Amino acid sequence: MNTSNNNKLKYKYSIPITVILVVACIFVAYIIVKNINGSINITSKKGELPVITDDKIKNAEIESESTKATTISTKTFNDFSNEYLVNFVTETTTILTDMKGKRLFTKIEEKDRKLYPLPAPYETIPKRKAVIDKYFMPDVFKENYIDKDGITYVEELNNQNFSYTYYFKNVINREEHSDILRVTFSIDPVEGFKGVKRSTKTVDFKIKDNELKLNTKCFEDSFLNFAENTNDSTDIDYSKKEKELYATVESKLSSVLRPDQKIGSFLTIEKFPLSDDKAYGISIEEPTQNAICYYLNTKTGEIYGHYQHKVVAK
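When we follow this note's numbering, the leftmost residue of the sequence shown carries the number 1, and every step to the right adds one.
Don't read these hints as lab results, they were simulated from the structure.
Bear in mind the structure is a predicted one, so any value in this text is a computation, not a measurement.
Heads up, some of the hints might be wrong.
[Unchecked claim] Taking lysine-lysine and the DSS-like style, the derived pairs with C-alpha atoms no more than 25 angstroms apart in a straight line are:
1. 299 / 310
2. 142 / 129
3. 213 / 262
4. 314 / 262
5. 129 / 213
6. 148 / 129
7. 127 / 206
8. 252 / 262
9. 206 / 75
10. 217 / 127
11. 169 / 217
12. 299 / 262
13. 127 / 169
14. 75 / 134
15. 206 / 169
16. 213 / 252
17. 299 / 314
18. 129 / 217
19. 129 / 206
[Said to hold, decoys possible] Quick list of simulated restraints, FRET-style, between CB atoms:
20. 180 / 129: 20 to 26 angstroms
21. 251 / 147: 31 to 37 angstroms
22. 261 / 186: 33 to 39 angstroms
23. 251 / 131: 20 to 26 angstroms
24. 84 / 251: 43 to 49 angstroms
Glycine is no exception: its CB is placed at the ideal position from the N, C-alpha and C atoms.
Given these sequences and hints, build the entire structure.
Right under this line is the structure:
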């Protein structure tokens, strides 16, 4: 009898407990779903997922650029130290002249022009121009490119010399002229060019898009310009003088040079080995080398051999 009554009591109270547990589970589930929906609906209407439109992306980009513009200040010339300037022109000269120097032994001659293939890693016109644009203001450094047989060449203009002729040592003067920074560097000719009477090089800079750019070339196109382009001789027409010098030497050496030899560049010598007269060292180009083989005495007009110093032409 008692056992029967106990079973009835257990059944009587088990139903309400089950109901309470079910209701509690439903309530907890409701709270969870509500919280999830609430977090989603922060940026959307009730029951909808957030929508990111193109306008929102554009507005976000505009805000980002606006914030960026306000946080990045416009640079001035004072932001570029003397050490930075020296490294800048050294890097520029190294890339653009050393690359050309490597072409001396791979050039081809076509009628009256000399062509040099662009070497890696700047072997294409876009890559080469990207390098030039990195260092120079527009239209300062120009080259003439020619595509031939699947290879891109740069044409040698006005008897250009493609050698690294001097090192930049330090800044000895810097002056601001409106939007131009004019810097005079102390330079040191590389080994083999110690006879050149030249100790400074002045270069102009500008700032474009917060980046420093060269507004003039930082190296010479030829040995003659390098040797004689001093601050007090800017009125000389070097290209005309250079052409006259080439014509004179070519005429005098026409019976001396072999068919595979051609006149290359000129190097100014402070004192001729046999006298105190000024002279030019004459570089002769051959298929596998390029070296100074003769001297031109500017006072007497005589041309001497490099080694024995004997007169080979008058």
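Starting from the hint list further up, note which numbers the structure goes against and sort them upward. 3, 13, 16 and 23
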